Amino acid sequence: MNRVIIVGGGISGISTAYFLTEKGFNNVVVVEEKYLASGSTGGCASGIRASFTSREHVILMRESIELWGKLSQKLGFFYERGGYLWLISSEESLKYFKELSRFHNSLGVPTRLIDVEEVEKIIPIKVNGLIGALHDPIAGKANPFKSVEKMAEKASSRGATIHTWTRASKIVTKGSKVIGVETDKGFIEGDKVLIAAGSETRKLLLDLGINIPLKNVPHHALITETFKPTLKPLVIDWDNPSKPYLVQVEEGGFLMGMELEEEPDTPLTPRIDFLPRMIKSWSSWFPWLRNINVLRYWVRYYVISPDHHPILGPVEDYEGLYVAAGFSGHGFMMGPITGKLLAEWILDGKPSVPEAENLTFKRIVEGRLIEEKAVIG
Amino acid sequence: MGEKKRIIVCRCEDVTLEDVEKAIEEGYTDLESLKRKLRIGMGPCQGRICLDLLARYLSRKLGKPIEELHIPKPRPPLIPLKAGLLEEGDHE
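Residue numbers (my numbering), protein chains in the order written: chain A, 1 to 377; chain B, 1 to 92.
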C-alpha cells in the first residue's frame, strides 16, 4: 500500500506531513501517543537560530529560518526575528566568538560582536562583568504549539490523517521491507514509515534490531507570568557553565532553562534545586526578574546523538524505513527544513540540500561524526 | 451563540464558552489539547478555576467520564511565586 506512516506528532513529524501533502502526496497517517507537540517540541525554548559551529547545522538552520518566515506568514502563527544574544564575560570566549562569527559570516549568517553599550541598548540588563556579546540578528522565536497546530490543520485539510492518543507499539516488517505500524488501536498498513518519535525513537528501532545511539537527557525550564514585550532577543549566558537561556515568548511570559547534571534516561521529574538555581543564574543580570511570579516548571528530554546532530533520512537496514530524531535540543528550530527534507527523501529519494546527506544514520554506523559546540540550556 | 460569547470559562486567558465549543467542533476533544489550543489553565490560576469547569462541561458534552478526558498535570510551584522568594531557597 502506497502510504506513509509517521510515528510522532511533534514538529518533525507534523512538518513532514505538511510537506508531503504540499507535494501532492496525501496518503499520510500520523500517530501520536499523546497530544500534538506533547514531547520535546512543546517543552522547548522556542528559539530559532543558525549561529551554530558546524557547516551542516548552519546551512540547514539557515534554510529552516527561510521556511519559518514563509510558513508563519502563510499559516498565521507567531514567529519573530528578534535575534539571539550570546553574553560574553571572558577574554577567551570573546576570542572564540570572533572566530565563530567569521565562520557564520562566510556561510551567510550575519552575526557580529557588539560592545557592552550596544547590549544595553538591546536588552534591560545590568552589565556587571559583561565584556560584550555575539549578536545574531536573523535568529528568533516562534510559538511551538501554534506552529505545530497550524501545520497539522493544513496537512489534515489536504488529506493527512492524524491520530492523537494512539501509541505506536511496533514497526512491522516482512523480510527487509516495512509493511506497517502496530498501535494500541490496531494495525496500520503502510510501505513507508518515518520514526520521528523523539525519546521513544531508540526503543522503536531497537525492536527492529537497530541500535541507534540516542540518549534521553532531562532538561528543565520554567515560565513566568506575562508582561508586555520587553525582551526581544533570546539571551544566553555563555560563560556560565550551565549555559542558561532566557526568552520572552509570544504571550509575554519569560521562559528560562539551564543544564542540570542529569543521567540519561532519568524519568522526567521536577527537582527541588532547579527553581532557585534557575532564578539565581539570571537575577544578577536582570534584577527585575526577582519581582515576577513564576507560574510553572516542566521537564522534557533533549534527545542527544553522539555528535549533537540529528539523525535524518533513510535507515538502510529496511526498505521504507526513515528516521528524524536525535536533534540534541534543536528539533523545534529545525522542524520546517526537517519536514521538507524528509518529504523529499521519501518521495524523490534525495534531499534538496546536499549537506543533509551527511546526517544520515550511515554516518553513525561508519563513524563519520560531525562536531557541534554551541549546545545550550 | 451570542450568550456563549459572554460566558467566561478561563478568566486568566479570557476564554469564552463560545471559544471552547468552536474548538471542540474542530476536533479538540481532550483537556490537554484544549489547554494548548486555547491556553486554558496556562495563566496565573494554573487551571485551578477553569480546568475543573472545562472538565465538567466537556464530560457532559461528550458523555465521557472526566478520567478519560486527559487531565493536565499540575506543575510546580503550584501557585504563582515571586522569583525573588524562590532564589532565597538556594542554600548551596
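None of these hints come from the bench; they were simulated from the model.
Since we're looking at a predicted model, the values are computed, not measured.
Positions of the beta carbon are idealized from the N, C-alpha and C atoms, including for glycine.
Some hints here could point you the wrong way.
Label pairs and their computed distance ranges (CB to CB) [claimed, not checked]: (1) A/P267 / B/E67: 19 to 25 angstroms; (2) B/K4 / A/T230: 31 to 37 angstroms; (3) B/P74 / A/S157: 50 to 56 angstroms; (4) B/D52 / A/T230: 31 to 37 angstroms; (5) B/L85 / A/E120: 25 to 31 angstroms; (6) A/E118 / B/E18: 44 to 50 angstroms; (7) B/E67 / A/L107: 51 to 57 angstroms; (8) A/W288 / B/K4: 36 to 42 angstroms; (9) A/D317 / B/I66: 41 to 47 angstroms; (10) A/R112 / B/D52: 19 to 25 angstroms; (11) B/E67 / A/G129: 48 to 54 angstroms; (12) A/F187 / B/R75: 34 to 40 angstroms; (13) A/G24 / B/P74: 52 to 58 angstroms; (14) B/K61 / A/E182: 39 to 45 angstroms.
Here is how each hint holds up against the structure:
no.	hint	verdict
1	A/P267 / B/E67: 19 to 25 angstroms	23 angstroms, holds
2	B/K4 / A/T230: 31 to 37 angstroms	35 angstroms, holds
3	B/P74 / A/S157: 50 to 56 angstroms	35 angstroms, violated
4	B/D52 / A/T230: 31 to 37 angstroms	33 angstroms, holds
5	B/L85 / A/E120: 25 to 31 angstroms	28 angstroms, holds
6	A/E118 / B/E18: 44 to 50 angstroms	47 angstroms, holds
7	B/E67 / A/L107: 51 to 57 angstroms	52 angstroms, holds
8	A/W288 / B/K4: 36 to 42 angstroms	40 angstroms, holds
9	A/D317 / B/I66: 41 to 47 angstroms	44 angstroms, holds
10	A/R112 / B/D52: 19 to 25 angstroms	51 angstroms, violated
11	B/E67 / A/G129: 48 to 54 angstroms	53 angstroms, holds
12	A/F187 / B/R75: 34 to 40 angstroms	36 angstroms, holds
13	A/G24 / B/P74: 52 to 58 angstroms	44 angstroms, violated
14	B/K61 / A/E182: 39 to 45 angstroms	32 angstroms, violated
The earlier numbered hints that this structure contradicts are 3, 10, 13, 14.
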